[in-house]
Amino acid sequence: MIKTLSQRLLGPVTLVLLALTFWLGLWVTPPDKVQGNLARLLYVHPAIAWVALYVSFGTAAIASALYLWKRTRSVVMDRVAYCAMEVSTVFIILTLITGSIWGRPTWGVWWAWDARLTSTAILGLFELAYLALRRANDDPDLRARRCAVFAIIAAINVPIIHFSVDWWNTLHQGATVFTENGNLLVHGIMLWTLFISLFAFTLLFFWLLRARYRLEVLRATRYDVALDEALAQRRREGVH
Amino acid sequence: MPSADLADLTPVPAPVTKRRGRGRTIGVLVVLALAVLALLSQGLLHSLNYFDTIDQAMSARAKLGTETIRLEGVVKPHTIDRTSNGASFWMTGGHGEEVFVSAHGSPPQLFQADIPVVVEGHFTSATSKDFYGTQILVKHTASYIAAHPKRVKAPNGSTR
Numbered sequence: 005m006i007k008t009l010s011q012r013l014l015g016p017v018t019l020v021l022l023a024l025t026f027w028l029g030l031w032v033t034p035p036d037k038v039q040g041n042l043a044r045l046l047y048v049h050p051a052i053a054w055v056a057l058y059v060s061f062g063t064a065a066i067a068s069a070l071y072l073w074k075r076t077r078s079v080v081m082d083r084v085a086y087c088a089m090e091v092s093t094v095f096i097i098l099t100l101i102t103g104s105i106w107g108r109p110t111w112g113v114w115w116a117w118d119a120r121l122t123s124t125a126i127l128g129l130f131e132l133a134y135l136a137l138r139r140a141n142d143d144p145d146l147r148a149r150r151c152a153v154f155a156i157i158a159a160i161n162v163p164i165i166h167f168s169v170d171w172w173n174t175l176h177q178g179a180t181v182f183t184e185n186g187n188l189l190v191h192g193i194m195l196w197t198l199f200i201s202l203f204a205f206t207l208l209f210f211w212l213l214r215a216r217y218r219l220e221v222l223r224a225t226r227y228d229v230a231l232d233e234a235l236a237q238r239r240r241e242g243v244h
Numbered sequence: 003m004p005s006a007d008l009a010d011l012t013p014v015p016a017p018v019t020k021r022r023g024r025g026r027t028i029g030v031l032v033v034l035a036l037a038v039l040a041l042l043s044q045g046l047l048h049s050l051n052y053f054d055t056i057d058q059a060m061s062a063r064a065k066l067g068t069e070t071i072r073l074e075g076v077v078k079p080h081t082i083d084r085t086s087n088g089a090s091f092w093m094t095g096g097h098g099e100e101v102f103v104s105a106h107g108s109p110p111q112l113f114q115a116d117i118p119v120v121v122e123g124h125f126t127s128a129t130s131k132d133f134y135g136t137q138i139l140v141k142h143t144a145s146y147i148a149a150h151p152k153r154v155k156a157p158n159g160s161t162r
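Chains A and B are the protein sequences, given in the same order. Residue numbers for the first sequence, in the working numbering: 5 to 244. Residue numbers for the second sequence, in the working numbering: 3 to 162.
Since the hints were made in silico from the structure, they are not lab data. Do not rely on the hints blindly, as some may be mistaken.
Unchecked claim - What follows is a list of derived Cβ distance ranges for each label pair:
| no. | chain 1 | residue 1 | chain 2 | residue 2 | range |
| --- | --- | --- | --- | --- | --- |
| 1 | B | Leu-42 | A | Ala-236 | 47 to 57 angstroms |
| 2 | B | Leu-36 | A | Glu-233 | 38 to 48 angstroms |
| 3 | A | Glu-233 | B | Leu-42 | 25 to 35 angstroms |
| 4 | A | Asp-145 | B | Leu-42 | 29 to 39 angstroms |
| 5 | A | Arg-240 | B | Val-33 | 39 to 49 angstroms |
Claimed, not checked - Among chain B residues calculated to face chain A with C-beta under 7 angstroms, some are:
| no. | residue |
| --- | --- |
| 6 | Leu-39 |
| 7 | Leu-66 |
| 8 | Thr-136 |
| 9 | Ile-147 |
| 10 | Ala-148 |
As the list claims (entries may be wrong) - Per the computed footprint, the stretches of chain A lying under chain B, defined by three or more beta-carbons under 8 angstroms from a beta-carbon of chain B, are:
| no. | region |
| --- | --- |
| 11 | 109-122 |
| 12 | 174-184 |
| 13 | 222-231 |
In this text, a Cβ means the ideal position worked out from N, Cα and C, and glycines have one as well.
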C-alpha cells in the first residue's frame, strides 16, 4: 500500500516542488551581488547537471554492474540501465544548453573548450553511443552485456568531470556546495532554494524513469504477444 | 481434407535478413567515436589547462615569448579605462605580480574591478609585461552573495 501510495504521489509531489523551485528562484530569492539576476540559473543548471551526472548516469551504471553480476542478473536490471541512460542523455543535453545560456552573458562566450565542458560533452557522446549500441544487436543477453560493459567504462568519465575544476585551470567555476574545505559558498534563501531544486529535479528523474520503464515493459510485452499470435496464426494455417 | 502442400510443416531456413539497420548503427558508433577523439584532441593538443595564471606565465615568460595564450588574473580597481574599441586595465596575480592589459573588443557585461578575468592574447614583446588581448572572458567565482546582504546575518556575525 505504501508502495502504491508513493508511486501515486511521485508525480504530484515532483510538480509541486518544481513549481516551488521556480517561484523561489524567479521571485523570492535576491539577485546576486556580482551576477545580478543571471545567478537565478543557479536553481536550474546545477540541479540538472547533478541529475545527469550522478543520479541518472549513476543509476544506469549501478544497474549495469548488477546485470553483469550473476547473482543479480535479470531483465529488470537491463531495462533500468537502458531507461536511466535514455533519461540521462536528455538531462546531459539540457545541462550543456542551460550552461551555455548561463555562460554567454557571464563569461562572454557560449562555449569554451575547458576541461569541465569538454569532458561533459564527451560523456554526452558516450551516452549517445550507448543508445546506438543498444540497437546494434538483436540478441537480448548479448546486447545487455555489451551495453552494461560500455556503461561501466563510460562511468570513468564522471570523476574526471567532477574533479576537472580542481585538477586543471578551468573557466567553469569550482564547487559551490561540495567544496574541498566543506565551506558553503552560498547562504540563506539562495542555499535553501538550491537544495529544493536538487531534490525536485531528482524526483523528476525518478518520475521519468518510472514512466520510461513502464513503456519498456509494455513494448516487450507487445513483442511477446505479437510473437505468440504469429505462432498461433502459423499453426492455424497448417491445420486447414 | 488439407492439401499435401499446406500440411507440410517441415522447418524451412529463415530468409537472409538485410544488414542495413546494423550497418547504420555501426556507422553511428564510428561517427561518435571520431567525435570523442576530436574532443579529446582539443584537450591533448591545447593542454587541459584552459589558461595560465599570471604567476605561471611569469615563471615561463622566457619560453612563452609572444605566443598566444590565455592569461588569468584579477582586475585591479581604479585602473579600467574603456575605449571605443576595447578596454585597458591592470591585472594582478595571486602573488602580487601585475600585468597591463590592452584588450580589443567589448568586454562581457560582468566585467568590473575585483573580478577574475581570462584574457586571450599575447605579450607585446619577448620581455614585456604588457599584454595585448583579443578577447576578455569573465571567470566568475563559485560564491553567491545576495545583492542586499544586510537582510541576513551569518552565525558568526558577518553580514551576508
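When the hints from earlier in the document are held up against this structure, which numbers fail?
Per hint list: 3, 6, 7, 8, 13 violated.
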